[in-house]
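Order-wise, the sequence lines are chains A and B. Going by this note's numbering, the letters in the first sequence line up with residues 5 to 74, in that order. Going by this note's numbering, the letters in the second sequence line up with residues 32 to 430, in that order.
The calculated label-pair distances, taken between Cβ atoms and stated as ranges, are: (1) 47/A <-> 93/B: 32 to 38 Å; (2) 401/B <-> 6/A: 56 to 62 Å; (3) 40/A <-> 95/B: 30 to 36 Å.
Everything labelled a hint here was simulated from the structure, so no lab data went into it. Each residue gets a CB set at the ideal place from its N, CA and C atoms; glycine is no exception.
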Amino acid sequence: MRLRVDRERCIGAGMCALTAPEVFDQDADDGRVLLLDAEPSAVHRAAARMAVGVCPSGAITFNEPQSGGP
Amino acid sequence: MAESPHTVTTLPTTRQPGCPFDPPAELLDARRHGPISRYTHPGGRPGWLITGYDLVRSVLADPRFSSRKELMNVVDFELPPASPGEFLLTDEPQHSRYRKPLVGRFTVRRMRLLTERVEQVTAACLDAMEEAGPSADLVASFARPIPAVIICELLGVPYEERDSFQRQTEALMSGEPTEEELIAAYTAVQEYVARLVAAKRAHPTDDVLSELTDSDLTDEELQGVGLTLLAAGLDTTANMLSLGTFALLRNPAQLAALRADPALADRAVEELLRYLTVAKSFMRTALEDVELGGQTIEAGTTVVLSYHTANRDPERFADPQVLDIGRQSVGHLAFGHGIHQCLGQQLARVELRVALPALFDRFPALRLAVPPEEVELRPEFADIFGVKSLPVTWDEEES
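So that you can see chain A by itself, here it is in the shape it has in the complex (with noise of 0.2 Å):
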């Protein structure tokens, strides 16, 4: 999976450093989304695709990769 956010969307409710804190962080001054691990390993993947889909504000998007993708 390839992670995206967009950063003018977001506004910094934090669910997603909550849900997936090795892959999301938030900016220490504005507090808007900061990508850690755009491709994250296999552990990670659930969290990961939970916080995209509690994003309040739809800001983080993924790919799934094709089949044989890692």
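Please build the complex by placing chain B on the supplied structure of chain A, with the hints as guidance.
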């Protein structure tokens, strides 16, 4: 698909005796008929009531629905626009203008740094309870003071002014004051916040209000933001603490499970948020005709979004009427969704996460001091659901 919809004529005003944590039966019944019902606002205006999880969530994320106060079509006169700084009742771009300077102050990381301070405040409340015990009103001795002290410190209310300030805000939030009392308390708090903003402007300290004086917000806007933060931060968490205690005492197996495995605390907090949903409903107004659940919401119509039935939607949560702290309740709507999702949610989590386990640690035999049906609930028409007081007792020798 556009079948004739279920109709709810008045929003129900009472919960079922015996299970106060469940939404009123009429609302659960409406949800069983489908996620959207026809509804008339108390002011006589036609509207819709949305009770299903997916539909509530989609409206909250949909820019075709507005939060603006002056567009709320619920009474037969026009409501005034939101006061400066009242950002819950605005749309973009105003909303971001108010929210943006705040979010860096309420991050997950920053709120977690408050854990130790919340532990200290909680311990002080528990010490005072123990000393005065072995009985207490949990609302006055525990649920109200903890979030009040923390939000005052965050906002920068000076320590020596905290007591009088807390009394004023309590008058504003608790019980059912008369309109005159409400206006008097509101004016007092407003004047207090105005003085506070002026003081922070003159002598900034390390707190949210002082930091906001660096933004482009006017003094009037800062006062509105300060009042909004206070209103949102005090009553909601206080009621989560008191109702959360009540709910755990009424579900001893869940309480025992939490005690046996402290690692369950994070899940327990999320599940209590879902199960109790103290901020029960919000409204949005359609800016254009919108198709929703097979119905057409006409432009200018205001819909009521029932967060608590959405959080009890069987299509989203299995056995939704059951409090199950082991379940995965992430994605609940207790803090809303969309751009207005609660700014202080990470603070609420820290407070609940620290205070509830500490209470049950200190008083292992904590129990209600009155039969559960005698615990007086706030009326259903109150903005925030809760109990007026929660009499508890414990065994003296154990503490």
